[in-house]
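Undergrad: So the chains spell out like this:
Protein chains: 2
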Amino acid sequence: MPKQVDHRERRETIARALWRVVEQRGVAHLTMREVAQEAGISHGAVQHYFASREAMLAFAMDFAAEQTALRVNQGLQELGDRPHPRAVLRLMLTETLPLHADARATSRMSAAYVLEALHDENVHARARDGMLQGRALVEELVRRAIADGHISADRDPAAETDLLLALTGFTPLIELDVIRPSSALAALDQYLDRLFTTA
Amino acid sequence: MPKQVDHRERRETIARALWRVVEQRGVAHLTMREVAQEAGISHGAVQHYFASREAMLAFAMDFAAEQTALRVNQGLQELGDRPHPRAVLRLMLTETLPLHADARATSRMSAAYVLEALHDENVHARARDGMLQGRALVEELVRRAIADGHISADRDPAAETDLLLALTGFTPLIELDVIRPSSALAALDQYLDRLFTTA
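One line per chain: the protein sequences are A and B, in this order. So the first sequence is numbered by my numbering: it starts at 579 and just counts up by one. So the second sequence is numbered by my numbering: it starts at 579 and just counts up by one.
Some clues are possibly wrong.
Stated by the list, open to error - Not close to chain B: a few residues of chain A, all C-beta gaps over 10 Å, as computed:
(1) R586
(2) R589
(3) E590
(4) G618
(5) A633
(6) A636
(7) N651
(8) Q652
(9) Q655
(10) L657
(11) G658
(12) A681
(13) A777
Claimed, not checked - Every beta carbon over 12 Å from chain B, so not counted as near; a handful from chain A, in silico:
(14) D584
(15) A617
(16) S620
(17) H626
(18) S630
(19) F637
(20) H662
(21) P663
(22) R668
(23) L669
(24) R721
(25) G727
(26) H728
(27) A731
To be verified - Coverage of chain A stretches by chain B, computed from C-beta distances (three or more under 8 Å per stretch; other residues unrestricted):
(28) 598-606
(29) 693-702
(30) 705-712
(31) 745-755
(32) 758-765
I should point out that these hints are in silico values taken from the structure, not numbers from a laboratory. Backbone N, C-alpha and C fix where the C-beta goes; we use that ideal spot for every residue, glycine too.
Use the sequences and the hints to build the structure in full.
TA: This is the structure in structure tokens:
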């Protein structure tokens, strides 16, 4: 079905243009017109692919989440069969931090979406669902690591999950050059060393 | 100097209106015209108090940082003489989280400012300076706590500081109702319990 593939590709091209608008010009410029300009296509063409600005934003956010998941899955394959849960968690966390161009784009998109969610309940619901799914994955991992003896049984799995997710707070510190990426990774490694009882 | 007091008050009124615009309508609406409308004054009056949109944003951000510092200082006074460093750190961290109306307003302003910083180097420099000052305060506290035996001497003060600052990552999780405020506080307390060797 070449037509449908083209449709999907075109929407992804528009989503990437939208990310660049967030990054280079700011959320104030997130209009269909400016995204069309950045993508090098007509305003009418963007309207053909998305019924509304909201639909365009929703697709760009879902696409950002998919791209992050893809990067994590690629990283998992490099870890081989039965990777240590510490390595899996480290990969999941580092791929959400703005440490390389692709992760920066999706991370900035997420930050913009959280701000949009404050005054748009559809965006709020969609962003919340995405984060809850991510949280469930991390909690499952933490619980299995406790059951397998990789994390001490006296740790509270829900609280440990929340703390791990909170460490995405390195993001603004890295974006504003308050903490170097290498320092963030070193701190994260010290954290994981204390969380895990096995290496 | 009643005139100067009035000038300052008027600027603070405009800054608070700006915070409400970020919160209720979104960063895309951060224009002098919309802030004037929210403040219930004329566009010309806002232009009288601020030479540019950038000057207005810079003041609103500085004012947000001042208000946060004020809340921390008020909290410190309630802790009495020579408070335990764990209580001081807990106060500093919780006042940056969106756990009550004032903290929500300043926290959302900060998040908007980080996004603005991505494409505006003046905002980047100002936001970075503010965060570096906050980081220095936390590191000083951590180093003193290690020297006084409240934190184990085998902890790396720079990495511990970075981890504590990263825990502001509870913010988007609370904003999107992924984690309840009580869960965030419980997780933070478990974290601090492990960091400190004395209570």
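Undergrad: Look at each hint and say if it fits the structure.
TA: Here is how each hint holds up against the structure:
Non-interface call for R586 (chain A) relative to chain B: holds, since the shortest CB-CB distance, roughly 27 Å, exceeds 10 Å. Distance check on R589 (chain A): its Cβ is at least 22 Å (rounded) from any Cβ of chain B, clearing the 10 Å threshold; non-interface status holds. Distance check for E590 (chain A) against chain B: the nearest CB is about 22 Å away, which clears 10 Å, and the non-interface claim stands. Chain B leaves G618 (chain A) outside its interface by the beta-carbon criterion, the shortest separation being 20 Å against a cut-off of 10 Å.
For A633 (chain A), the condition that its CB be more than 10 Å from all CB atoms of chain B holds, with the nearest at approximately 17 Å. Distance to chain B confirms A636 (chain A) as a non-interface residue, since its nearest Cβ pair spans about 15 Å, more than 10 Å. Distance check for N651 (chain A) against chain B: the nearest CB is about 22 Å away, which clears 10 Å, and the non-interface claim stands. Non-interface status of Q652 (chain A) relative to chain B is upheld: no Cβ of that chain comes within 10 Å, the nearest being about 24 Å off.
Even its closest Cβ contact with chain B, about 27 Å, leaves Q655 (chain A) beyond 10 Å, as expected for a residue assigned away from the interface. The claim that L657 (chain A) is not at the interface with chain B holds, since no C-beta of that chain comes within 10 Å of its own (minimum 24 Å). At roughly 29 Å from the closest C-beta of chain B, the C-beta of G658 (chain A) stays outside 10 Å, upholding its exclusion from the interface. Every CB of chain B lies more than 10 Å from the CB of A681 (chain A), the least distance being 14 Å, so the non-interface label holds.
Listed as outside the interface, A777 (chain A) is consistent with that label: its C-beta sits roughly 18 Å from the nearest C-beta of chain B, beyond the 10 Å cut-off. Listed as outside the interface, D584 (chain A) is consistent with that label: its C-beta sits roughly 31 Å from the nearest C-beta of chain B, beyond the 12 Å cut-off. Every Cβ of chain B is farther than 12 Å from the Cβ of A617 (chain A); the closest lies at roughly 18 Å, confirming the non-interface assignment. Against chain B, the non-interface label of S620 (chain A) holds: every CB pair exceeds 12 Å, the least being about 22 Å.
For H626 (chain A), the requirement that its beta carbon stay farther than 12 Å from each beta carbon of chain B is met, with the minimum near 23 Å. Chain B leaves S630 (chain A) outside its interface by the beta-carbon criterion, the shortest separation being 15 Å against a cut-off of 12 Å. Consistency note on F637 (chain A): stated as away from chain B, and its beta-carbon is indeed over 12 Å from all of that chain's, at 18 Å minimum. At roughly 21 Å, the least C-beta separation between H662 (chain A) and chain B is larger than 12 Å, which holds for a residue marked as non-interface.
The beta carbon of P663 (chain A) sits about 19 Å from the closest Cβ of chain B, which is more than 12 Å, so the claim that it is off the interface holds. Residue-level check passed: R668 (chain A) sits 14 Å from the nearest beta carbon of chain B, beyond 12 Å. A cut-off of 12 Å between C-beta atoms confirms that L669 (chain A) is not in contact with chain B; the least separation is 17 Å. Against chain B, the non-interface label of R721 (chain A) holds: every CB pair exceeds 12 Å, the least being about 16 Å.
Distance to chain B confirms G727 (chain A) as a non-interface residue, since its nearest Cβ pair spans about 19 Å, more than 12 Å. Non-interface status of H728 (chain A) relative to chain B is upheld: no Cβ of that chain comes within 12 Å, the nearest being about 17 Å off. Listed as outside the interface, A731 (chain A) is consistent with that label: its C-beta sits roughly 15 Å from the nearest C-beta of chain B, beyond the 12 Å cut-off. By the rule of at least three residues with a Cβ nearer than 8 Å to a Cβ of chain B, the coverage given for the segment 598-606 of chain A holds, with 7 such residues.
Coverage of the segment 693-702 of chain A by chain B holds in this model, with 7 residues showing a Cβ closer than 8 Å to a Cβ of that chain against a need of three. Counting residues of the segment 705-712 of chain A whose CB lies closer than 8 Å to any CB of chain B gives 4, so the stated coverage by that chain holds, three being the minimum. By the rule of at least three residues with a Cβ nearer than 8 Å to a Cβ of chain B, the coverage given for the segment 745-755 of chain A holds, with 10 such residues. Taking a C-beta to C-beta cut-off of 8 Å, the segment 758-765 of chain A contributes 4 residues in contact with chain B, enough for the three needed, and the coverage statement holds.
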